[in-house]
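K.L.:
Residue numbers (this note's numbering), protein chains in the order written: chain A, 1 to 254; chain B, 255 to 317.
Rather than coming from a laboratory, the hints here were simulated on the basis of the structure. You can take every hint at face value.
Among chain A residues calculated to face chain B with C-beta under 8 Å, some are:
| hint | residue |
| --- | --- |
| 1 | 100 |
| 2 | 109 |
| 3 | 239 |
| 4 | 245 |
Using N, Cα and C, we set each Cβ at its ideal position, and we do this for glycine too.
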Amino acid sequence: MIASETETAWYVYGVVPAHVDPVALAGAEGVGAERVELVSNGGVAAIVGRVPLDEFGEEPLRRNLERRDWLEATARAHDRVLAEALGHAPLVPLRFGTVYRSEQGVRDMLDERAAELSEAIERLRGRIELGVKAFLVEAQEDATPPPSSGRDYLLRKQEARAAASSVQAEAFESVRALHERLESLADDARVNPPQPPELSGRREPMLLNGAYLVGAERRPAFAAAVDECRDDRLELVVTGPWPPYNFVEREDPS
Amino acid sequence: MSSGLPLEEQITLIELVDRVLNKGVVVAGDITLSVADVDLVYVGLRVLLASVGTMERLQEQTG
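Please construct the entire structure, taking both the sequences and the accompanying hints into account.
P.N.:
Next comes the structure, spelled out in C-alpha cells:
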C-alpha cells in the first residue's frame, strides 16, 4: 500500500491552555495507540493524535462503533488521555469521534472557538467531575405464615403496597436532600435521566444519576457528605474523578 | 443480583459511554458523531446487556 497524506486523520480529545508543556502529555497512548501531541492556536491548544483514516474515517468509524471491543478500547483510550491531561492542566473535553482530515482543520477550529474555549477552561480550572448514583434498595420480604383467608390475603397485599409506596416516598425525600447537599458543595451540578435497568444492569430503580463539578480541594468534604447521607434504603455509588464531560455544554433548557 | 464480572464490566462501559460519547463539547470536525450514531451505540449496548443478563441467569440456574 502506498502511504499518502490522506491516510492520516487528526483525532481531537480536548482543549487545554496553549502554554501546557507537551512533554507532560506525551506519555498518554491514544485511541489508535498513537502518542498524543498538541496543536496550538489563539491561546489554546488541542490535544490531538494522528490516527489512520481507514479506522477513523466516516464510514469505518460508524462500522467500528458497532464492535463492542473496539468501542470499549477506544472510549477508554479517549478518557485515559483526558484523565492524564487533567493532572497537568484545566481542560475542555470534546465529544468522542471528533476527527479532522488535516492539522489545519484543527487550527481553524481553535481559531473560530478560541474565546469560548478559553472561557470554559477558566471556568473549569482546578475542578473535577464526580458522579453520584442512588439506587433504591428493595426491602427483604418477611417470612410470614400463609394467609388464613382470601380477605386476609387482600388485606396483606394492601398493607404491603402501602408500605412499599411510603418507603419509596421516603427514599425520594432522602435523594432530594442528598442532591441539595451535594449541589451546595459543588460549583455546578447536572441531574441526568436515570439509567433504565437494562442499561444500569441492576434491577433496583435508579433514583438519582447526578454529576457534580467540584473544586479539587472540596473532594474530601464531598465524599464525607455522601457518606453521611447513606442509609439502608439507598445504595450510593460514586464515580470519578472524571474530566468535566458534563459541564461543557450549555444546560438543556427543557 | 448477580455479581458476575462480565456484567460489572458492561456497567462500567455504560458509565464511560454516557460521558465520552454522550457529553463533551461538540465541534464541527470533518468527521463528527451524530445523535443518531450515539443512539445506535445505546441500542447495541441494550441488546448486549440483555444477552449478558440472560446468560448469567442461565448460569445461576444451572450452576
